[in-house]
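A.B. asks: This is what each chain is made of:
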Amino acid sequence: MDTQSPYAKKISKRFRAKEKLIKYFFFLNGFVTVLLILLIFLFLLKESFAGYTDFNLSEYFFTEKTLADGSTEKIFEWFPTSEDQRLSIVPLILGTLLTAIPATIISTMLGVFVGIYLSEIAGSRLREILKPIIELFAGIPTVVLGFFMLVVGATYFQDVFFTTSRLNAILAAVGLSFIIIPIIATLTEEALRSIPLELRMASYSLGATKWQTISRVIIPTAVSGISAGIILGFGRAVGETMIVLMASGNAAELTLDVFRSVRTMTATIAAELGEVSAGSQHYFALFFIGTVLFIGTFLLNLIAELIINKMRKKIRF
Amino acid sequence: MPEEKNIKNKEIRKLPASTKYYEYFAIGLVQVITAFVFLILFLVLGKIFYEGAGIIDYQFLTEAPRNNMTEGGIGPAIFGTVSVMFLMIIFAVPIGVFSAVYINEYAEDNLAQRVIRASVNNLAGVPSIVFGLFGLGFFVLFIGKNFDEVMGTGLLLGQPAMLWASATLAVLVLPTIIISTIEALNAVPHSQRAAAYGLGATKWQTIKGVVLPQSRSGILTGIILAVSRGAGETAPVLFLGCAFFLPQLPVAYLDLGLFAVPFINPAEQFMYLSYHIFILATQSSNPTLTMPVQFGTAAVLITLTVLLNITAVIFRFKFRRTLQVVREN
Amino acid sequence: MFILKSKLVFLSIILLFAASCKNPQLHDKTVITIRGSDTMVNLSQKWAEVYMKKNPKVSIQITGGGSGTGIAALLNGTAMLANISRELKDGEIEHARELNVEPMKFRVALDGIALIVNPSNPIDSLTLIQIRKIFSGELNNWMELGGEDRRIVLYGRENSSGTYEYFRQTVLGTANGNQQLDFATSTQVLQGTAALGEAVSHDRSGIGYGGVGYFANRKDLKILSIKKDNNALPISPIESDNNLNYEAIYNGDYSLSRFLYCYTNGTPSGEIKEFLDFILSEEGQKIVAEMEYIPLLDYQNQL
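Residue numbers (the numbering used here), protein chains in the order written: chain A, 1 to 317; chain B, 1001 to 1329; chain C, 2001 to 2303.
You can take every hint at face value.
In silico lysine-lysine, DSS-like type, Cα no more than 30 angstroms apart, as pairs: (1) A/Lys13 <-> B/Lys1208; (2) A/Lys18 <-> B/Lys1208; (3) B/Lys1208 <-> A/Lys20; (4) B/Lys1145 <-> A/Lys46; (5) C/Lys2105 <-> C/Lys2089; (6) C/Lys2133 <-> A/Lys74; (7) A/Lys23 <-> B/Lys1208.
Label pairs and their in silico Cβ distance ranges: (8) B/Phe1317 <-> A/Pro220: 33 to 39 angstroms; (9) C/Ser2269 <-> A/Ile133: 57 to 63 angstroms; (10) A/Pro220 <-> B/Ser1018: 20 to 26 angstroms; (11) C/Asp2090 <-> A/Phe259: 39 to 45 angstroms; (12) A/Lys313 <-> B/Gln1031: 29 to 35 angstroms; (13) C/Glu2290 <-> A/Ile133: 45 to 51 angstroms; (14) B/Gln1031 <-> A/Leu28: 49 to 55 angstroms; (15) A/Ile133 <-> C/Pro2119: 41 to 47 angstroms.
Here are a few chain B residues that sit away from chain A, every Cβ distance over 12 angstroms (derived from the structure): (16) Ile1056; (17) Thr1062; (18) Arg1066; (19) Glu1071; (20) Ile1090; (21) Arg1216; (22) Leu1220; (23) Lys1318; (24) Thr1322.
Note that these hints are calculated values from the structure, not bench results.
Note that beta-carbon positions come from the ideal geometry of N, C-alpha and C, so glycine has one too.
Turn these sequences into a full structure, and let the hints steer you where they fit.
C.D. replies: Here is the structure:
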């Protein structure tokens, strides 16, 4: 980032060699991160496509069953230990979406308001207290939230909503909201505060009220920053394991009803990886799920980053 | 952002009533929703502490579980968590800090630097369960198994063990450490480096003598945050050596002839606080009887992570203050 | 200063490695590692607790995770003893032999699988066929069985669990055309028998299954009686005073009973043999009864 010492040329050769060596040492360390991410990705990829030779990749999505009348039917089921193994990850993807999307909707509705409050309405002293608190909430171990939803949340929830499935997608989504609200709130707050003061001033001087300024000037300007926060929150919801493992009910059903039990991709890996013998098709299938998760969250993070970069450029103009 | 909160439109009283009420309603709604979110968050924490506080005492924190987890404490789980965190720091901190030094101090704005930065960001976004997959497949079944085969150590490292759990968590927290360290290094004023160069110091001498010592508490913040993150994770360690019940602490003795030195045995299984909560809630023989223990363990884990986070906040605050003093002088 | 510290750190890593290679076991202690069935994890823990009190030189480590995990661990050599709540399948034994592992089985206890419902459910007994229809999803309203008009909510275990496998083979079995029936996809999967009991106790339309020992003393659950067929008498795994119905489970009057096994690699010797002997001794079997499983000793005496 900055220039060498102007005396560099006068330093003895031995010294310069040492400096170079040190530089390479640091470079090597920096490169470990790149190596790690590549290693993780390649390893997941290698294991998920290793499979048996007679295994068709399409079986990760559906198996075909011949009916009595000779026609075939596509089956989307996850029965990894059954004699006729079915390894469709479609119900698992559906389960992940059924927990992550409601969680993101709930968290957006609440988190964006908290962000607006922190940035625009709270006094600076109150903000300095509340902001670390909301960040602390983001640090609550997820297993505790899963435990809470399983032991306390489930009963309250059933009393209120009369759901037939005690553990269901929406219960897991509420659990997930606890970690996603802080993410969305913090990123909203950051996005709002990055808007230059001049914009607010201009709005006020035109006679706009505070809320008019917030709703018609500040939020529209920061909308890309806020949406980046929502995307990051969604990515986190997709990747979270313990809450969904404990609260979603884990039924690998092909359903679109958020009040039914669902099984997510992460929970499937968590519940089954300890048990599979390495090298079986079930083992490779779990790595395939891992690869799907990896690529999915990678893309979500990439989109969020692009949006944030674009917004920075726009604000700077 | 400077004091924009003090800006109020004095003209609000002159507005038509509908606009005025709409204004009050909208602002009020934001306040109510915020209050609601904080209320719910505190209610959840309150419930956990209310149910769990009664059981927490010295015995609970030190003793091993007895009688099917209904009695006794969580001593071995705390010990296991601390040991894993210790090993994790040993793995992650050197690589993390050195990487950050490279990114911030050495790398010019070129392809290599951009690739490294992108990797760090991506690593931070990988779901924790994927680290578990990687840890089991790569560390245990690939490195560990082959190590045992080549070295002829029987079955030592080719099985889930503390060593691999800490290594996996180290990969997981690496981005946290790198990002905080970069932030800390970045905060050291340019003038300080210039002064060192002016005195004839080489780049390395400047980093060693000026930049690193000044950013020390900033780096420490990152390490504390990393520990807090690692201690709270469950998914990656699920299949990397967490045990339901261990009668013995994972400690071995190094025989030095005259006396034996105890050390944490990284080839052993271990108990882990977060995993303990998971199995108590799902596998204990009688969930009604173990309920206080469950809440107690949850309260201990939350306290641990919250205390670490608060320490980090304090360190960061101090770090900023110190740098401010440096800048002003 | 900074560099010195990191040097120290590196040194200590090397030391740790060297030490762990040199001395992999605990200081003059014998370690027995046990892995496997969640049904048996509490029982094993109790055995271990008592055994270690008698033999302080032995350290026993227990991990659950399901019978499948136990088999995998025995094959990988990560466990010396595998707790398995069903008999090994032929394929599994073949696979083990390929890996030069010779599984030896030891019956250590008997267990009854109980079907549980919420106490508010008016149904008291079911036939095996009804149970099969319920869990394969063919019947999905309690009204069809003479109960209230509610959807039946199924609770089951993880597919690594021995109870899952046992229940699938015994109750679901093979239907038309040798097709093994699977659980209905709507079955909620819980991570342990405890969580399952907890869920059913709060769910008026729920039904689940698990080791009877877990449920015998719980007032917030109802254990169903099982009829072999329509004309048979309903038999409950517990008696009216909440004690286990030992006799019915021994002699097979109660349809859902099974042995619990410990598997070793080859003929056990040394500490493992001593531990197994302890399990099968009168004292070990007394613990089985304490933990609400069915001890083998009486069973053998009866024969």
